[in-house]
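Below are the chains, spelled out letter by letter.
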Amino acid sequence: METSSLSAIWLTIKLASLVTVLLLLIGTPISWWLSRTRSRWKGPIGAVVALPLVLPPTVLGFYLLLFMGPHGLMGKITQALGWGVLSFSFTGLVIASVFYSLPFVVQPIQNAFEAMGERPLEVAASLRASPLDAFFSVALPLARPGFVTAAILGFAHTIGEFGVVLMIGGNIPGKTQVLSVRIYDYVEAMEYGEAHILAAGMVIFSFLVLLALYGRRGHKGWSR
Amino acid sequence: MEPVIEANFQLAYPDFRLQVDLRLPDKGVTVLFGHSGSGKTTLLRCFAGLNRARGRLVVAGEIWQKEEQGKIRGIFLPTHKRPLGLVFQEASLFSHLSVRKNLEYGMKRSGNQAGAGFDASVDLLGIRPLLDRAPEGLSGGERQRVAVARALLTRPRLLLMDEPLAALDLKRKLEILPYLEKLREELDIPVLYVSHAPDEVARLADHLVLLENGQVAASGPALATLARVDLPPAFADDAGVVLETTVAAHEADGLTRLEFPGGHLYVSRQDKPLGSRLRCRIHASDVSLALATHGDSSILNTFFARVQTVAAADTPGHVLAQLRLPDGTLLLARITERSRVALGVAPGLSIVAQVKSVALLA
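The listed protein sequences derive, respectively, from chains A and B. 94 is the number of the first residue of the first sequence in my numbering; add one for each residue after it. 251 is the number of the first residue of the second sequence in my numbering; add one for each residue after it.
Bear in mind the hints are in silico, worked out from the structure with no lab data behind them. Certain hints may be false.
Going by beta-carbon spacing under 7 angstroms, a handful of chain B positions derived as facing chain A [stated by the list, open to error]: (1) L300; (2) S342; (3) S360.
Model, not experiment: these values are computed from the prediction. Built from N, CA and C at the ideal position, the CB exists for glycine as well.
Chain A with its partners taken away, still in its complex shape (with noise of 0.2 angstroms):
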């Protein structure tokens, strides 16, 4: 194996971690607000988060390329600060990613808080339990098998993602080039055996997520 596709496998999988974490610290307010609000937002705020499921990720990618440019509103603001422009750097390929694979954590955590219900949190209340520590000590932990198809999914999703990539971090070898991008490059240049070992590779690593997954699902259920 060569060793750009190395460095590509090693970026994708320090994306997707990183994205991950962010992800789950992200996504768990909102997942939580989501599925205990009663305000008339919740429909507007919980289709935005789940517009990535619909969008083409060219146009995500084409206005997220906008908004970190040298003339974006976070563009304007990172430069102020000092930081460059987020657009064709790792970070601007992290934050882009947030966006893109939001939905598939939050909506597994907010079934999890759903089917949950308000009795639990009810009951720690009658035990003494402020609402912090409830959400803590009762919720989180009933609401775990949500949290690992949560990280899972959310895992997976940004390592397979592509056009939102190509569109703002470009294909920079060992700073931005991921897994799916140097597939690209390898099939565009006709060299199809490095091409299988990577394309083979995300294949046997997507069957194995999604064969974690509905075997959990099996055995527990999708969102309990």
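Given chain A's structure and the hints, the job is docking chain B onto it.
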């Protein structure tokens, strides 16, 4: 002044209004009784602070809530700051914790790390063999017993129970009722117990609150309240009185004699030691009236009584008569309007009450 629980709640939903003003005893079991939709569970949730009603709640001399109309600032202790225990209708154990950890969950958070009363509560509810099991492996009755112990171990000032037996089948119910009766005898905190089952009222209630459409239809000592004839028709279909009796003798011919202040009752042999207490229920429809004793009747349990009041019963052509035994014990009799006219049953009449059957409650 004797310490009491004072509760005054107003709550309005689009299709339901709760409006109650109650003073409840600070010990014993108060049953909140009503049909579904009467607001009894909502009322209990207001006590717990899970539903936010406007009003006032004082328990054991502490103000848990005080929000009056027109005043912006008030007091409303959130549920987790109220020293209460709460047992829900369905199993509410945390499935991710063992039975022991479930018990410890509340102990830790209520400053009872030392586990005061742990052994007593565990033994009172007979759950020692279950301590290291997971909630999933328990029967419905076992789960409820654990839930009661878990609530008690927070050392609450008030125990709230929301139809704890309603989700259980009859067999489980009969298995858990004795534990609740033991609880009633041994607890020194007040218990609010929501129920729609007349049997549970008869067995457990010291005080009774009847709720109808979000309003208090009656509130008073259980035995006296059950003997009232002026209750709304919704409660009259199960009219009957409950007597506290003592097992006085086991007689040779297979009968047990139960004594109560107004006399004695013969029932079939009970497996209870002499001197033990037994509640029994006499349905109004099981009491018939006669103007004089007949030596030729097969009915053993007869009482001389005086008619107190007569009121229309829920079924057409029937009336409900309240009878007073010489010691003051009250009985209810449901007779036909025709018999009322034939016997001339009216307040003040001396009469013989014949009790055809007695329902034993333990």
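* Asked: Can you list which hints this structure breaks, lowest number first?
  -> Per hint list: zero violations.
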